[in-house]
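Asks: Top line first, the protein sequences correspond to chains P, A and S. Okay, so the first sequence: first residue is 162 according to my numbering, each after it adds one. Okay, so the second sequence: first residue is 86 according to my numbering, each after it adds one. Okay, so the third sequence: first residue is 707 according to my numbering, each after it adds one.
One thing to keep in mind: the hints can contain errors.
Think about it this way: if two alpha-carbon atoms lie no more than 25 Å apart in a straight line, the pair counts; the simulated DSS-like pairs of lysine-lysine are [unchecked claim]: (1) K366/P - K357/A; (2) K388/P - K489/A; (3) K305/P - K489/A.
No wet-lab data here; the hints were simulated from the structure. Note that the structure is a prediction, hence the values are computed from the model and not measured.
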Amino acid sequence: MSTKKLDAIARKSRARRSTKIVLHNGLIALLCFIWLIPIIWLVCTSFSAYPGKNTSTFFPKEWSAVHYAKLLTPDTVNQFPTWFLNTFRIACWTCLVSTAFVLMVAYAMSVMRFRGRKSLMNFAVLLNLFPGMLAMIAVYFTLKTFGLTNSHIGLVMVYSASSGLGYLIAKGFFDTVPRSLCEAARLDGCNEAGIFLNIVLPTAKPIIVYTVISSFLTPWMDFVYAKMILNAGISANYTVAVGLYKMLEKSLINTYFTQFCCGGVLVSIPISILFFIMQKFYVQGVTNGAVKG
Amino acid sequence: MGGKPQAYPRLRRRPDNIATILCQFFADFGKAMAKGDLFVKLTLIWWGAGCLRRKQYAKALILTLLEAGVIWFTCGFAMAYVPKFATLGTVQAQQVFNMQTMQSEWNDYDNSFMILLFSLFSFVVWAAALVLCMKSVIGAYRLQFDSQNGLHINSFREDLQEYLDQKFHITLLSLPVLGIVIFTLIPILLLILVAFTNYDQQHMPPTNLFRWVGLTNFATLFGGGITSTFGYAFWRILGWTLVWSFFATLTNYFGGILMSLLINSKLTRGGKLWRTLLVVTIAVPQFVSLLLMRNFFANTGIMNTLCERIGLTAALRSAGLISTSYIPFLSAPGWAHVMIILINIWVGVPYQMLIATGVLMNLPSDQLESARMDGANPFQIFRAITMPYMLQVTGPALVTDFVKNFNNFNVIYLLTQGVYVTTNQLMANSQAKEVDLLVTWLFTLTQDYYNYKMASVIGIMVFVVCAVFTLIGFNFMLRGDKEGTYQ
Amino acid sequence: MKKLITLILAAVMALSLAAYGSAPAAADQQTISLTLWGAEEDQALLARLVEKFKAQYPDQTFDIQIGVESESTAKDTVLTDIEAAADVYAFANDQLNDLVAAGALLNLSGDVSAVLPNFVGKTLDEILAENGEGSVTACKSGENVYAFPMSGGNNYFLYYDSSKISAEQAQSFDTLLDAAKAAGGKVGMTYASGWYNASFFLGAGFVADMKDDGTTYIDWNGTSATGYTGVDVAKGMSDIAVHPAFLAVADGDLSNQIASGAVCAVISGTWDAGACQTAFGDGYAATKLPTFTCGGDQVQMSCFSGFKLMGVNAYSKNSGWAVLLAQFLTNEESQAARFAERQLAPTNLKAAADDAVSSNIAIAASAAQDVFGSVQNVGGKYWDPTATFGQMVATGELNGKDDAAIQAALDTLVEGVCAPVE
């Protein structure tokens, strides 16, 4: 065949391929757009000049950034900067404790072999089957006995104490660490603690990042437990979730709804950044964790 | 006879489940008590005795301190509550106002809930103490055996080192397990016990006492009594919960896989960007995004305004599908059910997409290549290679996701609270709605009606159903133990 | 010598007596710590009022913490943990029965009422008599008083745009709807809530009450004291609902509807006064609820009278001082200050007689409607079934022409509401 004809065929298939690419990416773009519509609406509403709930139009009648300014200035109802700091502190401590617990439990269940290991794992599955809502009032009174209601320490404990139950993905990851590495370390005279700290943990960076970030997110999102525990009515102690949720009360919603939307946007920015960072590690972490099941 | 000292005799290696562990434990204890010397038997009363005899002074001290702690706990704390466990308190709260001090003075009243909680604490502490005591006896016998047969007895430092080595799992697990016991296990046990009491709004501590009522609440749930009660609502809500869990899990799972395949295909440009955009939807807290969704689909919301403008509402009305001047996306039974599942797809697919992306990255590409070279089209590849691999790897996750969706409180509560009013009178008479899951019903009962006893009964039912499904699911999925495969 | 000894003895005795006498006074110098809960919008006002209270008793040291708790959710927070709740808290009167049943409110008619004559100079009955009768009834459960009345006007009435609807047209629901239709607007009301749709039944002479054992009693499926049947009322409700100018609004969504300009008349309470003023502009007007057609007659719609009360926690330690604080925060000056700051209608008769109060359109309408209202006294099982019934009428699921179906629905409604708590 002549080169001209070959060129023509090549050009045609390239054209077909590029239409395919355009259609394919177009489809993805459309799906992403549909997925983002509510988020776009959230951002638009936060720039509305009207303070109350007006959900009859997509775009606000008047645009203004004044509610962001209002959100960031404290008054008796709204103390967003304080709430943000509170939640940030709680989240940091939660992720420290949660990560430590998860890694400890995952290592014990995965790498070590001891009598009762399987039973403990089955028991953990059993415990997860109970609805968490049920335990709320009992947890409140347990904290009250220790004098930890209305304290951030109490909240940290609520979020992180049972985190050991979420060890499955980390365990899956540890299952893929070659046992030969551990045996070599043992021949060098390392004890189990040494293997944990010096050999296994350094290879677990992806799963550490994953655990850190997932546990960091919980305090930002949870309002049920926080509302129950922070019940002294001192709004300076609230977390962001409780504070924003309280803005939706009937008597306040007319004045604070737009500020609520602004708060939602501001909260999602650091979380999105974290997700972005996490993505790189997340994919690796979950891969190894889930593959080995 | 003579020669090398024997190793401590152990039973043959048996399957490692809770029954054999308990049997072994009691067998060891029995042997220790039968064959132990005086000090071993003394350990039953004074935990440090056996260690003291064998010169493990530090360990003896620690055990003695622990024992003192348990005794102090019992006398000072447990004894104030456990004796009242059977009656759950008899002394009603009474108050007298003292004009002199301008203060109220209270009698020493009983608080039924506290009695329940602290008795449970005590039981757990005593159980742990019993185990520790029996372990000390077994340990004491072990020391005796070792010293009689000339085996090495650990110094304290060597014991500590064991906790960093062979017994490292105990060191690792102690704090997490403690956290789980206090914040998960005890509350769950407590609420199971509440199911057998009459703790509700008429019997609220500290002013009122509640008492044991046995299985009465279960009878109420399963239909005894008036028709328009919990019995009627329970089965319907259970049905919807099962349907919801099934569809939510399946739609999100396949949605995630399909989305992941779409974004990770070779034709995609800028995959990272698309992934990030999708992930932003998860970054907004659910109570913000779902509230907005609720407003979006409200009876007078944007979606309805749009549909009215394009004439969809009128078309549906003439087709007889709706009877109102708006499309009841979230306020009529059939519509709300479908919308909730669809909105849940919006919530859950990005998350599942991330997981699916991770898993699919490990799909052996040579299989895909050879299949493509053999001329298989994308659907055949998907059906024969991709899906089986995904199912094998994330199958167990499907079962846990089913259970998670069974208890998925957020989505349903935030989407329907305040917006959905049921028109089924019998459901309303049990404070339930057609779109309620068992957990949201439970939440309404506890938060709005303080009907803790019925909520606990429902919680137990939730557990039973989930346990059944988990067992079936895991037995179906897991054949053999795959743990060691990749090590 | 003897004289000296006697003198010394006398001096010692006098000194010791003085010391003994001053010991209680010394005890009074202990810090009296109280916690107070009020609405978010009230915080600045409460801080000022608390300072005034402290100034009234200069020889006592107080430590009063003010916390945030909305009056509408006070019950939930208090009942989760009564002992940890504030000593003095404000709540909406519909929560009174639940709080009393759980023992969360101090019985003011008991021994503690003796502090009032001692420190304020009036007895409990005298203090209560300074307030409107409805508000006093709202503070009672049985024969005992459990709270002080703080503000009223928590009922509902009719707001309308006078540029589109005249005052005469607003007198009857039928003419109101026709006028709204002619003006191109709608009339908004929440049907799917037992708080609002009781106005129809109570207006027709039915009752909604609570029995001693905590169960609710309604007779809406029978014939009322004034001779109307439940079916008549339901038909009247249905006729309104099917009118093209009627908009059934979800509970809590009224403010949204007002803001969007969809409605030119709405049945709501004083909390929406601001939103209505903004939406209706110069045409802002409010009046009592209209009459509706029931069994051929025009029957005046009733309402549940709503008040905000201030109560004392039964588990409060310094209960005597807590009662004094609660009384101070609800006396005439405090109520006047509250009106000046937040436009909340005072229950105190003298404060309410003030010109500024009567010229407030919303409060005037609320007071006018209150004449026809009754204090809410229902149990927990009242709400869901009545909301469902209202929803059924609003969506048209309950056909206004089908008497048998209406009667059956009413029977199920009454059965559900009056069911014993299980």
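Asks: Work down the list of hints and note, for each, if the structure agrees.
Replies: Going through the hints against the structure:
no.	hint	in the structure
1	K366/P - K357/A	21 Å, holds
2	K388/P - K489/A	23 Å, holds
3	K305/P - K489/A	29 Å, violated
The structure does not agree with numbered hint 3 stated previously, though it agrees with all others.
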